[in-house]
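*Asks:* Chain order of the listed sequences is D and U. All letters in the first sequence, in the order written, are residues 147 to 808 by my numbering. All letters in the second sequence, in the order written, are residues 8 to 162 by my numbering.
Just so you know, the hints here were simulated from the structure itself, not pulled from any lab data. Predicted, not measured: the structure shown is a model, and the values here were computed from it. Where a beta carbon is used, it is the ideal one built from N, C-alpha and C, also for glycine. Do not take every clue at face value.
Covered stretches of chain D, as calculated for chain U (at least 3 residues, CB under 8 Å) [to be verified]:
1. 212-225
2. 307-314
3. 505-514
Result set (BS3-like, lysine-lysine): computed pairs, CA atoms no more than 25 Å apart in a straight line [claimed, not checked]:
4. D/K528 with U/K149
5. U/K47 with D/K528
6. D/K707 with D/K666
7. D/K666 with U/K47
8. D/K560 with U/K149
9. D/K560 with D/K483
10. U/K149 with U/K102
Residues of chain U placed beyond 10 Å of chain D at every Cβ, according to the derived structure [to be verified]:
11. E76
12. D97
13. A150
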Amino acid sequence: MIAELGHFALIVALVVALVQATVPLIGAQRGNDAWVAVAQPAAYAQFLMAVVAFFALMHAFVQSDFSVLAVFQSSHSLKPLLYKVTGVWGNHEGSLLLWILILSGFGAAVAAFGRNLPPQLKARVLAVQAMIGVGFLLFILFTSNPFERIFPVPQEGQGLNPLLQDPGLAIHPPFLYLGYVGFSMAFSFAVAALIEGRVDPAWARWVRPWTLAAWCFLSIGITLGSWWAYYELGWGGFWFWDPVENASFMPWLAGTALLHSAIVVERRDTLKAWTILLAILTFSLSLMGTFIVRSGVLTSVHAFATDPARGLFILGFLVFVVGGSLTLFAARASALKPGGLFAPISREGALLLNNLLLATACATVFLGTLYPLLLDAVSGDKVSVGPPFFNATFIPIMFPVLVAMVIGPLLPWKRGDLSGMVQRLRGAFLIAASAGLITYAMVSGTSLVAVAGIVVSVWLIVGSLMPLVERAIGRGASLQHSAGRALALPRSAIGMAFAHAGVGFFVLGLTVLLSFQTEKDQVLRAGQSMEVGGFTVTLRRVESVPGPNYVAQRGIFDVSKNGTLREPALPEKRTYVGSPMVTTEAAIEPTLWGDLYVVLGDADGAGGYAVRAYFKPFVHWMWFGAAFMVFGGVVSLSDRRHRVGAPRRAKVDAGSGLKPAV
Amino acid sequence: MNRFALVLLAALWAGAALAQGLETPLPDPAQEARAQELHKRIRCLVCQNQSIHESNAELARDLRVVVRERVAAGDTDEQAVAYLVSRYGDWVLLKPPFNGRTLLLWIGPALILVAGMAGVALYLARSRPTGPDLNPLTAEEKARIAELLGEERQG
Chain D
147 MIAELGHFAL IVALVVALVQ ATVPLIGAQR GNDAWVAVAQ PAAYAQFLMA
197 VVAFFALMHA FVQSDFSVLA VFQSSHSLKP LLYKVTGVWG NHEGSLLLWI
247 LILSGFGAAV AAFGRNLPPQ LKARVLAVQA MIGVGFLLFI LFTSNPFERI
297 FPVPQEGQGL NPLLQDPGLA IHPPFLYLGY VGFSMAFSFA VAALIEGRVD
347 PAWARWVRPW TLAAWCFLSI GITLGSWWAY YELGWGGFWF WDPVENASFM
397 PWLAGTALLH SAIVVERRDT LKAWTILLAI LTFSLSLMGT FIVRSGVLTS
447 VHAFATDPAR GLFILGFLVF VVGGSLTLFA ARASALKPGG LFAPISREGA
497 LLLNNLLLAT ACATVFLGTL YPLLLDAVSG DKVSVGPPFF NATFIPIMFP
547 VLVAMVIGPL LPWKRGDLSG MVQRLRGAFL IAASAGLITY AMVSGTSLVA
597 VAGIVVSVWL IVGSLMPLVE RAIGRGASLQ HSAGRALALP RSAIGMAFAH
647 AGVGFFVLGL TVLLSFQTEK DQVLRAGQSM EVGGFTVTLR RVESVPGPNY
697 VAQRGIFDVS KNGTLREPAL PEKRTYVGSP MVTTEAAIEP TLWGDLYVVL
747 GDADGAGGYA VRAYFKPFVH WMWFGAAFMV FGGVVSLSDR RHRVGAPRRA
797 KVDAGSGLKP AV
Chain U
8 MNRFALVLLA ALWAGAALAQ GLETPLPDPA QEARAQELHK RIRCLVCQNQ
58 SIHESNAELA RDLRVVVRER VAAGDTDEQA VAYLVSRYGD WVLLKPPFNG
108 RTLLLWIGPA LILVAGMAGV ALYLARSRPT GPDLNPLTAE EKARIAELLG
158 EERQG
């Protein structure tokens with residue numbers, strides 16, 4: 147009964163979305179206020195219906211109602227409650243429903259928080275948002291109904307993919323979707339602006355907080371996925387450049403570029419057409435991510451659907467959205483007159499360089515991801531495009547970005563000079579260079595790539611944070627005074643410095659990990675030990691431990707360093723009920739300098755076990771760096787300008803250059 | 008009932024593990040190191056872009072064993088890789104070879120960058136103010152502007 151209610155709510159949501167997609171648009175075109183006013187209540191109603199549907203499905207999962215096909219296929223009565231709840235989006239149908247929930251949630255948020263948006267722009271934004279909603283609602287209702295029943299009702303469900311039964315992965319999809327779908331806001335604003343034929347600093351000021359929020363969510367989502375891969379998938383890798391990872395990384399790269407080009411629109415009223423194009427491309431890449439994952443073009447833990455009809459629908463929808471918006475762009479872009487002029491060496495110039503390189507990096511990932519598919523389609527040849535390709539192309543493109551990230555924010559708008567920069571950044575450069583030299587001298591076997599990585603990451607950390615400190619301290623100010631000044635700095639400036647420094651922490655962790663990781667494979671019997679990274683790992687015994695819906699083989703290892711006994715390492719191999727898949731639970735012991743990582747392998751039948759142990763130095767700096775980036779984004783999001791964020795269109799205060807921009 | 012199922016499962020698992028045996032490292036450490044470097048270049052065919060070195064899939068293990076056999080039999084790195092390519096095609100290599108079929112893949116990023124740079128150059132050239140600046144600012148005026156801008160930035 148409740149499932150039918152959910153199904154019904156989805157149908158109502160579709161009808162509401164159809165109204166929301168058309169009536170306000172016509173109203174805005176004809177200047178009919180009553181029709182324009184339909185947008186807001188419609189957005190609320192659509193969201194409400196999505197909430198009803200979502201909780202109806204969640205109810206079915208929590209109650210283990212196996213008469214619902216989706217529940218039968220991806221749940222099990224023995225599963226812990228957490229995974230019954232997260233199982234809602236652990237399958238194709240449910241994850242689509244989550245997508246729709248978030249999409250309509252963003253629409254409702256615009257309706258609620260966009261009070262100072264001009265009513266016509268708001269109506270158009272909500273209408274475009276609803277068009278996307280119509281597409282997804284049609285998709286879910288006609289190809290992937292989550293409320294489909296089966297008869298006879300099975301006694302027991304088939305269980306959730308064991309790999310997905312993990313707290314990190316359980317919350318990974320919602321964040322990812324908040325990011326993907328969040329970029330729909332930038333898209334809707336872009337299309338609405340094209341329909342209006344007007345893009346101005348006020349427009350950019352409305353778009354930026356939504357884009358920034360989406361960026362933060364997507365960053366969290368990607369990091370969670372990567373962290374999960376680190377401790378759960380295989381043996382300590384965290385990024386494989388697999389198509390599904392790339393599918394989330396491409397919108398991130400494009401979204402990062404968008405975040406920066408929107409600053410130029412807001413502050414200098416220029417790069418407008420490019421920014422609109424980026425907004426369209428970012429969301430298109432998000433949709434393509436959905437297509438790649440859902441179409442069954444790829445098979446992995448991520449690909450729930452292998453039904454070509456669904457793939458065809460998404461492809462058609464993708465063509466409609468991308469083709470439609472790009473056609474609109476082509477027709478209207480020429481109307482977007484560029485504003486302020488600038489010299490190549492200037493803040494605008496630096497942001498343009500950022501966009502050029504991020505766009506190239508994104509295109510490279512795109513090429514590497516789709517090339518095998520294209521080649522297969524064209525000639526039937528099969529190639530793999532693996533990490534070596536991306537390391538050889540992506541890293542060289544990103545390296546100048548890392549160098550320029552410190553310089554750009556210090557350049558003035560319109561025209562700057564590099565000699566002044568050399569003065570200001572001499573300190574940061576000296577510190578970075580010494581860090582590189584010291585590492586090279588102290589640690590034997592340091593490669594030049596490692597030195598470059600260390601220099602650029604220290605350069606990023608110091609060069610991003612130092613100007614902040616300088617501005618707070620000023621000339622000869624007292625400590626108390628400085629603290630007050632630090633707090634009075636615009637949040638956007640603090641957030642930017644944090645986010646850039648976060649990239650530095652990340653690159654530092656990555657460089658040290660890849661350059662100095664140690665690894666050991668050995669067969670151990672009870673009582674035997676192995677050495678890795680200064681630790682002694684001794685196998686005590688391996689025992690069977692029953693879990694709620696699995697049996698684990700658990701290795702018990704003593705760990706000691708310099709004769710001091712530490713916490714034992716307890717890696718597991720789990721075999722789940724109703725699934726042939728075995729999952730590895732690595733034992734990870736965090737220490738100040740890195741993680742000790744122990745994996746239990748197979749038994750040799752003669753009392754021995756294959757054991758692989760790593761010492762992964764500085765790996766936590768990567769996670770910390772990513773978290774710091776997101777923290778910077780959140781700080782920036784709390785900036786008064788974003789919060790109040792209420793420029794009236796007529797007021798030409800944006801771009802007056804009173805405060806340094808983000 | 009469930010407990011019984013778990014116990015049964017555990018027994019089956021143990022049996023399977025016994026039957027599989029274990030991959031053993033090569034006795035010669037130099038050969039083993041070479042084999043491990045090769046493992047990093049070979050794709051685990053059932054995984055997403057994982058090398059056989061870092062995958063715990065069954066097939067990855069089988070391929071590791073194959074590589075060790077080739078190395079132990081005296082193959083050079085190239086011979087061992089060529090052997091795998093002859094069996095599985097280029098698909099097995101994580102780094103796509105550079106040839107006619109992958110030309111566009113390998114030079115694509117550079118082409119995109121050059122095209123982007125050309126676009127930026129064109130944009131900058133077109134948006135430059137026309138004509139030379141006939142009335143440049145004096146040093147005094149520049150200093151005054153810098154002072155004003157500096158004040159604003161502080162505020």
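*Asks:* Each of the hints needs a verdict: does it hold here or not?
*Replies:* How the hints compare with the structure:
1. Residues of the segment 212-225 of chain D with a Cβ under 8 Å from some Cβ of chain U number 1, which does not satisfy the need for three, so the listed coverage is violated.
2. Counting residues of the segment 307-314 of chain D whose beta-carbon sits less than 8 Å from any beta-carbon of chain U gives 0, not enough to reach three: the coverage restraint is violated.
3. Judged by the Cβ-Cβ criterion of 8 Å, the segment 505-514 of chain D is covered by chain U as claimed, because 6 of its residues qualify and three suffice.
4. Between D/K528 and U/K149 the CA atoms are separated by roughly 62 Å; this puts the pair beyond 25 Å, and the hint is violated.
5. Annotation: proposed proximity of U/K47 to D/K528 holds, straight-line Cα distance about 19 Å (limit 25 Å).
6. Of the pairs offered as hints, the one joining D/K707 and D/K666 holds, with about 16 Å between alpha carbons and a cut-off of 25 Å not exceeded.
7. Proximity of D/K666 to U/K47 is assessed by CA-CA distance (about 15 Å); at most 25 Å being required, the pair is judged to hold.
8. At roughly 14 Å between alpha-carbon atoms, D/K560 and U/K149 fall within 25 Å of each other, so this suggested pair holds.
9. As the CA atoms of D/K560 and D/K483 are separated by approximately 17 Å, the hinted pair is consistent with the 25 Å bound.
10. As the CA atoms of U/K149 and U/K102 are separated by approximately 55 Å, the hinted pair breaks the 25 Å bound.
11. The non-interface label for U/E76 is consistent with chain D: the shortest C-beta to C-beta separation is roughly 17 Å, beyond 10 Å.
12. A Cβ of chain D approaches the Cβ of U/D97 within 10 Å, the least distance being about 5 Å, so the stated non-interface status is violated.
13. At roughly 14 Å from the closest C-beta of chain D, the C-beta of U/A150 stays outside 10 Å, upholding its exclusion from the interface.
Checked against the numbered hints above, the structure violates hints 1, 2, 4, 10, 12; every other hint is satisfied.
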